[in-house]
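Heads up: the sequence lines are chains A and B, in that order.
If you count the first sequence from 1, position 288 lands on 288 in our numbering, and the numbers rise without skipping.
If you count the second sequence from 1, position 14 lands on 14 in our numbering, and the numbers rise without skipping.
Hints may be right or wrong, so weigh each one.
Calculated pairs, DSS-like style, for lysine-lysine (alpha carbon to alpha carbon, straight line, at most 27 Å) [stated by the list, open to error]: (1) A:Lys123 to A:Lys48; (2) B:Lys58 to B:Lys80; (3) A:Lys356 to A:Lys318; (4) B:Lys61 to A:Lys261; (5) B:Lys61 to A:Lys265; (6) A:Lys265 to B:Lys60; (7) A:Lys54 to A:Lys104; (8) B:Lys61 to A:Lys54; (9) A:Lys261 to A:Lys48; (10) B:Lys80 to B:Lys16; (11) A:Lys265 to B:Lys58; (12) A:Lys398 to A:Lys453; (13) A:Lys48 to A:Lys90; (14) A:Lys108 to A:Lys265; (15) B:Lys58 to A:Lys261; (16) A:Lys54 to A:Lys265; (17) B:Lys80 to B:Lys60; (18) A:Lys411 to A:Lys345; (19) B:Lys60 to A:Lys261; (20) A:Lys411 to A:Lys142; (21) A:Lys247 to A:Lys317.
To be clear, the hints were calculated from the coordinates, so they are not data collected in a lab.
For reference, the chains in residue letters:
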Amino acid sequence: MLDITEILETNQMVMSENLDVRTITMGISLLDCMTPDLDQLCQNIYDKITTCAKDLVRVGDEIALEIGIPVINKRVSVTPIAIIGSSACKTSADFVKIAETLEKASQKIGVNFLGGYSALVQKGMSKADRLLIESIPEALSKTEHICSSISLGSTKTGIDMDAVKLMGEIVVETAKATADRDSIGCAKLVVFCNPTDDNPFMAGAFHGVTEGDTVINVGVSGPGVVRHALSKIHGENFEVLCETIKKTAFKITRVGQLVAKEASKRLNVPFGIVDLSLAPTPAVGDSIADIIQEMGMEYCGAPGTTAALAILNDQVKKGGIMASSYVGGLSGAFIPVTEDSSMAKAADIGALTLEKLEAMTCVCSVGLDMIAIPGDTSASTISGIIADEMAIGMINQKTTAVRVIPVIGKKAGDEIELGGLLGNSKIMPVNPYGCADFINRGGRIPAPVHSFKN
Amino acid sequence: MTANINTKIVVTLVGKDHAGIIAAVCSYFAENDINILDLSMTTVDEFINMMMIVDVAKYKKTFPGLVNDLDAVGERVGCKVTAQKAEIFDMMHRI
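Chain B extracted, bound-state conformation:
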């Protein structure tokens, strides 16, 4: 089933690569009923660059709550994690 655009969130992550980064982010998603729809990752010069599109239809907290939690997860693994509603990308890149 296609997720509603209003519940789709784009999560981006940048930082120095090491074991367990994706695991930490994905564990948070699993614990909070956030479904991963798409995932892409590259490493350049020891730096990891990851992007996920997730569905938060069943997520219980508010958007600022998600941002705070992802900040905390990011801090734990030494990366910068940001969340944005996918709507903005659809607006900018689709007619």
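Just chain A, with the same shape it has in the complex:
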């Protein structure tokens, strides 16, 4: 029989510690939509998405009502569009037409975001890949719910530096195209090294070509729950600290597992994975930085922060893996600056710098995430930031990413407000010294050796 204290504990997690399921993401393969006729392709894509995901939002809401735990987002990820449009699209404008079709489909089914306006170019760009990348600024300025991700490198292939250079320019162009809205387009654009095919989180979700026709992936949340659990063991040693995180992660992930299984059953779509990532929101108390600070840091970013984050990330995995039958996606801890109010505050007072964030990305998922930088940051400097992060991922065999927002017309210290889950922060300063000669070399960085690990 259930214990009353267990019921109280769960309900307190929901009511005062922001426990929720962050997203149910339905992955949909669009491979069977491919045709050389653009209008027909758009129709096929619209029909497939609106058929497969027609009940997604309703089922998500039903499950949330029955278990009494909010399911915040219902989302869709699709096969990378550079592949789907490779035959039909002759110009960048053709790809924008697909983006508009995806927007129409996402509005019809009522999802929060649709990811997969993507290209995988870690070893080189095809003509279609380049056209899609060049279409991103227009596609993201003309749509509201579409997210774009580009894979620029991997441990097995090295890094495509031509694409890194191009993406620095595209990030700036996207910022300019949405300059009237604090350059929000860049919040929906992320570049990856070693991306995963089953990531349910935006902006990086896409449905990999090795996946089945449709799949249900679930992302959990719960930084507030972990912080609350840690607040009860103040001053205890690392063994107690680690055990507490592990046990809490187990409980959080079990919620995700139940929601994933239930959604899979009701939608008659196979269950893919649960992503263990602790995802913060701008809500007070729903913060990764708060956990780091609860562990003993005066502010997130102080010396010791990387070690604390490494502990958090590893213990979340250890607890979460036991709780779910299939774990996948990014499964770590996210450290987005604008989406985490305490992270934004630490950056504001100077405790947390871009360089420290880069170090933190070595031990957690995913990367430099949701960082507002001055609008006059050059494309080559952004490419340099991207190259550094890709190198960390390539050498350390992990997923890394960059989602920076050069806010046009604003400088370091100015405020930006992106709204909703995207949050707000002050603009962080960027190292003023250039790297253009390095970025302009062109070509590829070769794949690293897989031995002699030091």
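Put chain B on the given structure of chain A with help from the hints.
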């Protein structure tokens, strides 16, 4: 007989205590063939905190129907009444 986990619902109630609160909730359960399996109640500083585990195997309406009805009962007695499937607590607290 043990109720199937899928038909077990956890009902929680919080509000200012006065006569007739449990009677109102239990009457609703009796009228709708909902069987109470476990019940626990405390009052702290004039506030009542009650938890019930009930079996809805013979209940005729849907889950959203139950939630709406309990909202109405709660409103009548000035309390907040919520219902959740027991499965979530089993998942979180049992291996």
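Pair hint Lys54 of chain A and Lys104 of chain A, alpha-carbon separation not exceeding 27 Å = 13 Å, holds
- Message: Checking one constraint from the list: CA of Lys61 of chain B to CA of Lys261 of chain A, max 27 Å. Satisfied?
- Response: 24 Å, holds
key: Lys58 of chain B paired with Lys261 of chain A [C-alpha distance capped at 27 Å]   = Within the cut-off at roughly 25 Å; holds.
Hinted pair Lys48 of chain A and Lys90 of chain A, Cα distance within 27 Å: Within the cut-off at roughly 23 Å; holds.
Hint check: Lys108 of chain A vs Lys265 of chain A, CA-CA at most 27 Å. Holds or violated? It holds: about 23 Å lies between the C-alpha atoms, which stays within 27 Å.
Given the hinted pair Lys61 of chain B and Lys54 of chain A, is their Cα-Cα distance within 27 Å? 25 Å, holds
Tell me if the straight-line CA distance from Lys54 of chain A to Lys265 of chain A falls inside 27 Å. Holds, at roughly 15 Å.
Check: Is the straight-line distance between the alpha-carbon of Lys261 of chain A and that of Lys48 of chain A 27 Å or less?
Finding: Between Lys261 of chain A and Lys48 of chain A the Cα gap is close to 23 Å, so the pair holds against 27 Å.
Just to be careful, I want the Cα atoms of Lys61 of chain B and Lys265 of chain A compared with a cutoff of 27 Å; is the pair within it?
With a Cα-Cα distance of about 21 Å, the restraint between Lys61 of chain B and Lys265 of chain A holds, given a limit of 27 Å.
Would the pair Lys411 of chain A and Lys345 of chain A pass a check requiring their Cα atoms to be no farther apart than 27 Å? Cα-Cα ~17 Å, so holds.
Quiz prompt | Hinted pair Lys123 of chain A and Lys48 of chain A, Cα distance within 27 Å | solution = 30 Å, violated
Pairwise hint evaluation, Lys318 of chain A against Lys356 of chain A, where the allowed Cα distance is 27 Å at most:
25 Å, holds
In the structure shown, a violation is registered for the earlier hint numbered 1 alone.
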